[in-house]
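Enquirer: Spelled out, the chains give:
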Amino acid sequence: MRRGPSPGLKVLMALGFGFLYLPIVILVIYSFNESRLVTVWGGWSLKWYRELFANQGLIDAAQVSFLVAAAASTMAAVLGVLAGLTLARVPRFFGRTLFSGMILAPLVMPDVIIGLSLLLTFIALSLDRSILTIAIAHATFSMCYVAVVVQARLAGFDRSVEEAAEDLGARPATVFRRITLPLIAPGVVSGWLLSFTLSLDDLVIASFVAGPGSTTLPIKIFSSVRLGVTPEINAIATILIGLVALGTLVWSLSLKRATARAKRARQG
Amino acid sequence: MAKTPWGRRLTILVPYLWLLAFFLLPFLIVLKIAVSEPAVAQPPYVPVWDSFGAAWAHVRAPDFSNFAFLFSDPLYVNSYLNSLQIAAISTVLTLLVAYPMAYGMALCTPTWRAILLTAVILPFWTSFLIRVYAWIGILKTEGLLNLVLMSLGVISEPLQVHLTPTAVYIGIVYSYLPFMVLPLYASLEKLDLSLLEAAADLGAKPWVVFLRVTLPLSLPGVAAGCFLVFIPAVGEYVIPELLGGASTQMIGRTLWTEFFQNRDWPVASAVAVLLVLVLVVPIVIFQKVAKQGGTG
Numbered sequence: 001m002r003r004g005p006s007p008g009l010k011v012l013m014a015l016g017f018g019f020l021y022l023p024i025v026i027l028v029i030y031s032f033n034e035s036r037l038v039t040v041w042g043g044w045s046l047k048w049y050r051e052l053f054a055n056q057g058l059i060d061a062a063q064v065s066f067l068v069a070a071a072a073s074t075m076a077a078v079l080g081v082l083a084g085l086t087l088a089r090v091p092r093f094f095g096r097t098l099f100s101g102m103i104l105a106p107l108v109m110p111d112v113i114i115g116l117s118l119l120l121t122f123i124a125l126s127l128d129r130s131i132l133t134i135a136i137a138h139a140t141f142s143m144c145y146v147a148v149v150v151q152a153r154l155a156g157f158d159r160s161v162e163e164a165a166e167d168l169g170a171r172p173a174t175v176f177r178r179i180t181l182p183l184i185a186p187g188v189v190s191g192w193l194l195s196f197t198l199s200l201d202d203l204v205i206a207s208f209v210a211g212p213g214s215t216t217l218p219i220k221i222f223s224s225v226r227l228g229v230t231p232e233i234n235a236i237a238t239i240l241i242g243l244v245a246l247g248t249l250v251w252s253l254s255l256k257r258a259t260a261r262a263k264r265a266r267q268g
Numbered sequence: 269m270a271k272t273p274w275g276r277r278l279t280i281l282v283p284y285l286w287l288l289a290f291f292l293l294p295f296l297i298v299l300k301i302a303v304s305e306p307a308v309a310q311p312p313y314v315p316v317w318d319s320f321g322a323a324w325a326h327v328r329a330p331d332f333s334n335f336a337f338l339f340s341d342p343l344y345v346n347s348y349l350n351s352l353q354i355a356a357i358s359t360v361l362t363l364l365v366a367y368p369m370a371y372g373m374a375l376c377t378p379t380w381r382a383i384l385l386t387a388v389i390l391p392f393w394t395s396f397l398i399r400v401y402a403w404i405g406i407l408k409t410e411g412l413l414n415l416v417l418m419s420l421g422v423i424s425e426p427l428q429v430h431l432t433p434t435a436v437y438i439g440i441v442y443s444y445l446p447f448m449v450l451p452l453y454a455s456l457e458k459l460d461l462s463l464l465e466a467a468a469d470l471g472a473k474p475w476v477v478f479l480r481v482t483l484p485l486s487l488p489g490v491a492a493g494c495f496l497v498f499i500p501a502v503g504e505y506v507i508p509e510l511l512g513g514a515s516t517q518m519i520g521r522t523l524w525t526e527f528f529q530n531r532d533w534p535v536a537s538a539v540a541v542l543l544v545l546v547l548v549v550p551i552v553i554f555q556k557v558a559k560q561g562g563t564g
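Chains as they are written, first to last, in our numbering: chain G, 1 to 268; chain X, 269 to 564.
Don't read these hints as lab results, they were simulated from the structure. For glycine and all other residues, C-beta sits at the position ideal for the given N, C-alpha and C. Accuracy of the hints is not assured; some may be wrong.
As the list claims (entries may be wrong) - One side only, chain X facing chain G, incomplete, derived with CB under 10 Å:
1. Pro-283
2. Ile-301
3. Leu-375
4. Cys-376
5. Leu-384
6. Tyr-401
7. Ala-402
8. Gly-405
9. Glu-509
10. Leu-510
11. Arg-521
12. Phe-528
13. Gln-529
14. Trp-533
Full structure from sequences and hints, please.
Expert: Have a look at this one:
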């Protein structure tokens, strides 16, 4: 018989989740504070949001960030799907150990090392630092996340479905388009979304590989945060948190609906 | 089977070449610059990768003076040791906070499990930088924590938490908590509750059941969680920079300063190479522990 967590454990859980959410809640509330000081509550106000939208530097940085994130996550999705397919479906090829090592290593490699090494590479290849170099850098570590997600999804599916299609005369490209891609699609979308947020979030790697004129939002936020807490940053943080919460909600609801539809289709 | 179709070859080659170009090659370049003389590699930086022959000649006659320099200056040795210590202590603290959360979640009903799981994952999707920044407003001298404690009369003078190692510990535990909760939950969720009941029926006290049954069975999750927190925490830059300030010299900050302020690329590269070497050991140990836990 399941009893559930004891009262003592419930208290510890509440403290843990409180710890996880309290700073975010405080940040959101204070973004609506009329006063500049954290210690003074000057009443509710949208003042900092107005100032935020008047701050051209932050707006430009946000545009750069969204452009980089869109490019990087799309590249990461394509590369990650190929890498995930390779890991899940090709048991043996030359240098497989090196390949799977290179997929896993970026997941735990400190950002400072990835940033430094990529910058030195771009210089050696005489690639000018720009939006493109940031996108390449972000795509490189994000593709590893996509590959892991896609591989996990493929591992759960029966290879025989693809083999049946092949036996019935479908070309490899057709098998991929009609069978494999629909199977891994939810993983690809999750991977793309994850890559997008990772790119939008990255400060350290972007600081290394960004050039003049390609300042991303985190770089901009970081430089103003270093000077102290500013309510404008609270406002932009609240907007970002809101976007993420909305995106997660929409995505999980659509997943739920898709699963329910699949279940009905199977029963019907 | 017939020869590999070109489509499959491309499937392998494209990501393979990409990773070789943008992950392995960068590594080799860092290694190379770390063993080159400062004069060659310092900005304005004459490209040293003129030809593979020349590059190989450099590698064959490496100059380890950058590494000797790292060991001669206590600043570097101290920041390595500091990073390892801070990461180790924060990992233990994260485990202590995360374990009750994961255990409680595993005991909940399926509906509550799903809700709490989303609640753990959601912060992972929100900006890391912003979550660290949120703590500045709470911890600084004229911040919220001091305001609350002083108005409650707990303290009469503001505490200095921001820009101390304590703030770094709080920041790391807070930022990496989901990475610890998720693997712990994954291993605790599979726990057969009848084992706990059997132990209790045989007269074991609750804490004995926990120490002798629950904890050993969750060790793979503990190992995985510690791995996911410790490794990135060692190389952390943002948290010590924003919350620790000058009080915590961690290796990620040292590398950053070396590169962006001192503009000494060979030394920065040498710091990076040593950081990788420092991390290889815990990675191997954790993998072994995880493997043993998985099979045992």
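Enquirer: Hint by hint, say whether it matches the structure.
Expert: Against the structure, the hints come out as follows:
Checking Pro-283/X against chain G by beta carbon gives a least distance of about 4 Å; that is within 10 Å, so the hint holds. The interface hint given for Ile-301/X is met, as the beta carbon of that residue sits about 6 Å from the closest beta carbon of chain G, less than 10 Å. For the restraint placing Leu-375/X at the interface with chain G, the shortest Cβ-Cβ distance is roughly 5 Å, inside the 10 Å limit, so the hint holds. Given hint, Cys-376/X at the interface with chain G, holds; its Cβ is 6 Å from that chain's nearest Cβ, closer than 10 Å.
Using the Cβ-Cβ criterion of 10 Å, the hint placing Leu-384/X at the interface with chain G is satisfied: the shortest such distance is roughly 7 Å. A least Cβ separation of about 5 Å between Tyr-401/X and chain G falls short of the 10 Å threshold, and the interface hint therefore holds. At a threshold of 10 Å, the smallest CB-CB gap from Ala-402/X to chain G is about 4 Å, leaving the interface hint in force. A least Cβ separation of about 5 Å between Gly-405/X and chain G falls short of the 10 Å threshold, and the interface hint therefore holds.
A least Cβ separation of about 8 Å between Glu-509/X and chain G falls short of the 10 Å threshold, and the interface hint therefore holds. Against a cut-off of 10 Å between C-beta atoms, the interface hint on Leu-510/X holds, since the closest Cβ of chain G lies about 7 Å away. Evaluation of the Arg-521/X hint against chain G yields a held restraint, the C-beta minimum of about 9 Å falling below 10 Å. Hint status for Phe-528/X: holds, given a least beta-carbon distance of 8 Å to chain G, under 10 Å.
A cut of 10 Å between beta carbons decides the hint on Gln-529/X: the least distance to chain G is about 13 Å, and the hint is violated. Because the beta carbon of Trp-533/X sits about 7 Å from the nearest beta carbon in chain G, less than 10 Å, this interface hint is met.
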